[in-house]
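Here the protein sequences come in this chain order: D and V.
Under the numbering used here, the final residue of the first sequence carries the number 946; numbering is consecutive throughout.
Under the numbering used here, the final residue of the second sequence carries the number 364; numbering is consecutive throughout.
Any given hint could turn out to be false.
[Unchecked claim] Selected chain D positions facing chain V (Cβ under 8 angstroms, derived; list incomplete):
| # | residue |
| --- | --- |
| 1 | Trp104 |
| 2 | Glu108 |
| 3 | Phe111 |
| 4 | Glu112 |
| 5 | Ala142 |
| 6 | Leu143 |
| 7 | Ala146 |
| 8 | Gln147 |
| 9 | Asp149 |
| 10 | Ala150 |
[Claimed, not checked] Chain V residues, not near chain D, derived (Cβ > 12 angstroms throughout):
| # | residue |
| --- | --- |
| 11 | Val203 |
| 12 | His261 |
| 13 | Ala352 |
Just so you know, the hints here were simulated from the structure itself, not pulled from any lab data.
By construction, the Cβ of each residue, glycine as well, lies at the ideal position given by its N, Cα and C atoms.
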Amino acid sequence: MADDSPDRWSRLEALFEQALELAEADRAAFLLRETPDDPDLRAEVEALLTAQPDAEGFFADVARQLAPEALAPGSRVGPYRITGALGQGGMGVVYRAERADGQFEREVALKVLRAGDPRRFLSERRILARLDHPNIARLYGGGITPDGRPYFALELVNGLPITEYAARHQLDVEARLALFAQVCEAVQYAHRRLVVHRDIKPSNVMVTPEGTPMLLDFGVAKLVAETEDGLTLTGVAPLTPAYAAPEQVRGEAVTTATDVYALGVLLYELLTGRRPYRLADRARAAMERAILETEPTRPSAVVTEPAGEADTTTLPVPPPQLARRLAGDLDQIVLKALRKDPGDRYGSADALERDLSRHLEGLPIEARPASAAYRLRRFIRRHRAGVLASALGVLLLVGWAITATVQNQRVAAERDRAEALNDVLVGLFESPDPTTGGDRELTVSAFLASSTDRLQRDLADRPALQAELLSVVASSHLGLGDPIRADSVAALAAEAGRELAPGTHARTLARSWYAWTRTYQGDYETSEQIYRELLTEASVEDRPDVLNDFGIVLGEMGEAKEARRHLRAAIRQFRALVRRDPARRADLASALDNLASSFEAEQTPARLDSAWVLQQEAVAIKAEVYGADHPQVAEAMSELAGLAATRGEQATADSLYERSVSTLEPAYGSEHPTVATVLNNWALRRANAGDADGAEPLYRRALAIREAVYGRESESVAGTLQNLAALLTQVPGRETDALALFDRAEEIYASVMPEGHYLRAFPAAGRAGPLRALGRADEAVRDASRALAMLTEALGAEHGVTLSARGILGLALVDAGRPEEARPHLEASLGASLTDDERREAEAALAEIDA
Amino acid sequence: MDHSVAPDDAPRDDVQTLLDALQRGDEAAFDQLMPVVYDELRQLAQSVRRGPSMETLNTTALVHEAYLKLANHASPTFEGRSHFLGVAAKAMRHVLVDHARRRSASKRGGDLARVDLSETLVGGADTAPDNHVIALDRVLDQLASQDPRKARVVECRFFGEMSVDETAAALGISRATVNRDWQFAQAWLLREMSEPE
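Could you put together the complete structure from these sequences and hints?
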């Protein structure tokens with residue numbers, strides 16, 4: 096631009112606007128007329144006019160009006176088109192909708208929340224999308240509406256609420272129990288995937304005309320509660336008071352036990368036609384008081400009472416007969432599910448269901464006190480020493496969590512602990528079938544569940560010991576990968592801790608465990624509040640632990656600077672402690688490791704230097720404390736290796752990774768997810784450094800482990816295949832291998848990822864590369880087009896990944912001799928993040944088309 | 168003994184005062200508000216970044232959330248929101264550009280691991296439109312030196328994902344001007360961006 100004067104600028108603007116009004120054919124003449132003696136200006140206007148149509152698409156107009164109250168039929172939300180409204184709930188509006196692209200003939204129930212926190216929503220949605228069970232309505236997808244409200248698309252179920260279905264079909268008790276058993280199985284399935292329903296009630300348990308019960312809205316209540324907390328204070332309040340568990344009414348942690356309670360209410364209603372609490376008035380306060388304080392009437396007693404508002408024609412059999420049928424087992428089972436204290440209920444939906452089937456088979460049910468346990472306890476008392484040894488053996492199974500916490504147990508006297516462990520051990524024998532099944536983890540888990548009950552009951556008058564041991568149990572649940580149970584036990588520990596004086600070790604320990612487990616539930620608010628309180632009350636010995644944990648949590652909350660401030664303080668204080676108590680060195684090493692990770696995320700050379708120094712010290716300390724061959728040392732070392740690679744020292748990285756893996760394998764066994772993760776990261780680093788030959792065998796090892804651990808059909812395996820295929824694409828002569836791997840990845844994604852998930856497009860996009868290299872341009876075009884369509888659908892036309900896919904398609908079209916079709920794709924892709932090679936290729940292709 | 172006190176909370180009340188001042192036409196409030204809004208957006212954006220690598224920033228959602236957090240006890244009047252959006256759009260530009268720079272730096276450094284990266288497209292490269300954003304930021308500065316109003320329109324329309332009406336309200340210009348500026352600016356920016364440096 097020779098001249099940038101304001102006059103010239105206005106002239107440029109005016110000419111551009113005027114020319115744009117004209118038909119394309121008339122523009123050249125117009126410009127010639129207007130700028131007879133200024134070819135530069137003319138050329139500039141022409142360039143703008145050429146850019147204009149593409150610019151529209153490039154800067155797609157993505158802004159929208161804020162929060163319209165309702166979506167009119169015909170409105171689009173993601174890939175769906177609204178066809179009508181289904182209803183309005185506390186959480187937002189539910190619409191009937193269909194796919195707007197006609198890709199599937201499918202109607203969905205589309206829930207649009209009032210507003211929310213999209214981050215939590217997105218991560219939660221991924222978990223829910225994996226609930227794939229014949230009795231759970233599918234979550235097809237979801238996203239954020241253009242105005243920022245989370246929505247999800249759920250399977251549309253036509254049917255009747257379970258209570259109504261049972262009444263209308265006059266089902267007998269057995270048929271009702273069979274239906275209910277299927278509901279329990281579905282709930283148990285979700286619980287195993289760490290999803291709690293929170294709002295089980297008849298209208299969420301629909302029965303289809305074929306008689307299949309379907310659970311609706313799994314996990315939705317949690318999403319709503321969590322995503323709305325920016326707007327309301329009722330995040331944890333129950334959505335439907337009549338079905339709320341006592342802990343929901345009190346606003347406490349919601350766990351799987353909460354669903355067990357709601358199942359109890361549902362069963363009560365299914366069998367008696369009434370809800371457990373009879374209320375003079377329907378005020379919420381009265382309802383809540385009843386839930387907290389009143390013991391429900393036994394089902395067998397309630398059915399013979401004057402009907403009142405209950406409709407006796409809905410009952411399975413006439414009242415007197417029904418009362419006899421319910422008395423005994425069914426009364427006990429229902430009441431056990433409805434216990435006020437979560438720990439007194441069935442440990443799982445599965446346990447409830449098993450007790451019902453025991454009842455149906457005429458076997459003794461669990462809901463009654465077992466006298467065998469009493470005898471076992473006597474046995475253990477007499478053989479204390481030997482039994483204690485094996486109790487410790489069981490505890491060691493759960494690994495690091497125990498080690499870490501047991502180290503901190505310095506307060507309670509040894510004898511106290513031994514006795515407590517003894518009592519805990521009794522729980523092992525009381526737990527259902529501890530010796531069968533052969534699944535060690537299940538047994539430990541059941542053992543932990545019953546120890547929780549035991550600790551609560553037997554140590555009620557020794558809150559310090561109770562808080563500490565419950566913390567051990569909570570940490571063990573976490574070590575077993577069960578954050579929901581960990582959270583509910585940690586809540587109990589924290590409660591016990593509250594009875595102790597501020598600054599007491601047991602109190603700090605228990606409350607900080609609870610703050611930690613809360614974060615797994617996405618409840619950063621509670622977590623932060625507890626940590627802040629602990630910082631003011633914790634003893635000198637405990638404060639650095641709190642600083643360290645809170646530092647990590649702050650990092651997860653995105654407060655990187657605050658996170659580092661806390662971690663630095665933790666390190667300072669640990670260093671001071673180590674001088675007096677060398678046992679705290681391991682804690683110091685962990686804090687160093689955490690701070691190094693935080694620095695590494697910043698990526699600047701100075702930060703990487705700091706990270707390197709910190710991480711080296713962490714490795715050295717861990718080697719000193721645990722011995723050089725300990726997995727802790729190996730994991731810290733693999734992080735050091737990653738840092739070396741980031742700093743461009745690939746040879747150092749290789750040797751550190753090598754040492755890390757060769758230490759981990761004997762410790763964990765060669766088939767362990769951690770080993771796979773280290774191998775995968777090592778491979779990625781090598782691939783980034785251009786060492787394809789070195790990367791491939793590492794990917795293959797990671798792949799073999801993941802196939803063994805997660806199964807051949809798993810997202811994790813597909814991801815590794817995709818990575819490996821992408822690597823081989825760049826190796827001349829390996830195109831066919833790459834194709835085969837992409838195919839496998841595609842198959843797996845198709846079976847494990849929900850329809851419309853963007854990952855399902857990746858293998859097709861990837862295949863275009865090797866296909867082009869093999870001269871199979873038409874196939875490359877076909878695959879790239881398909882990938883592009885899927886990505887546009889899943890991520891939108893403007894998303895960087897979609898644009899990259901356009902580049903891939905453009906290159907394939909050039910190869911296929913269709914340059915004119917290629918041009919818009921290539922141009923659109925230029926701004927996307929291509930690799931340098933791809934960019935050069937795209938630019939060269941464009942230049943060639945123009946020539 | 169090291170008394171590590173809990174970190175300060177951001178002075179949220181000030182935000183409301185600034186928003187009120189902005190609504191009264193106090194331009195200085197804009198500059199004072201910027202860093203606060205930027206910080207909020209950056210933190211929100213960072214927490215998104217920590218998620219799965221494919222999740223990109225959803226501007227509307229972020230701005231929405233930032234507004235809710237910063238003006239949490241305000242009655243969300245249309246005017247208040249418009250002014251906030253104007254600030255947020257500029258702040259969002261910085262957030263997105265910083266984000267893009269960091270990511271493209273990390274791509275060069277090759278630091279992809281720590282979390283398991285299975286979600287790579289072809290060639291293992293992370294795939295966000297980082298280069299768009301960085302290039303746009305550069306040419307947008309050029310546009311601002313030539314025609315500041317147009318640059319603000321782009322910030323609102325592109326980075327803030329604001330509608331024509333919202334942009335007009337935030338900048339105090341007519342809808343027609345927004346439309347004209349936006350159309351011209353898009354073409355101009357795209358042409359500048361496609362020119363070799």
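Hint check:
Because the beta carbon of Trp104/D sits about 6 angstroms from the nearest beta carbon in chain V, less than 8 angstroms, this interface hint is met. Hint on Glu108/D holds. Least Cβ distance to chain V is approximately 6 angstroms, under the 8 angstroms limit. Because the smallest distance between the Cβ of Phe111/D and any Cβ of chain V comes to about 6 angstroms, under 8 angstroms, the interface hint for this residue holds. With its C-beta approaching chain V no nearer than about 6 angstroms, Glu112/D sits inside the 8 angstroms limit, and its interface hint holds.
Hint status for Ala142/D relative to chain V: holds, with the closest Cβ pair at about 5 angstroms, below 8 angstroms. For Leu143/D, the shortest C-beta to C-beta distance to chain V is roughly 4 angstroms, which falls under 8 angstroms, so the interface hint holds. The closest approach between the C-beta of Ala146/D and any C-beta of chain V is roughly 4 angstroms, which is under the 8 angstroms cut-off, so the hint is satisfied. For Gln147/D, the suggested interface contact is upheld, since its CB lies about 4 angstroms from the closest CB of chain V, less than 8 angstroms.
Annotation: Asp149/D was flagged as interfacial toward chain V, and the flag holds, the nearest CB pair being 6 angstroms apart, inside 8 angstroms. Evaluation of the Ala150/D hint against chain V yields a held restraint, the C-beta minimum of about 4 angstroms falling below 8 angstroms. Val203/V, annotated as away from the interface, keeps every beta carbon of chain D farther than 12 angstroms; the closest lies near 15 angstroms. Under the 12 angstroms C-beta cut-off, the non-interface status given to His261/V relative to chain D holds; the minimum distance is some 16 angstroms.
Its beta-carbon lying about 9 angstroms from the closest one in chain D, Ala352/V breaks the requirement of being farther than 12 angstroms from that chain.
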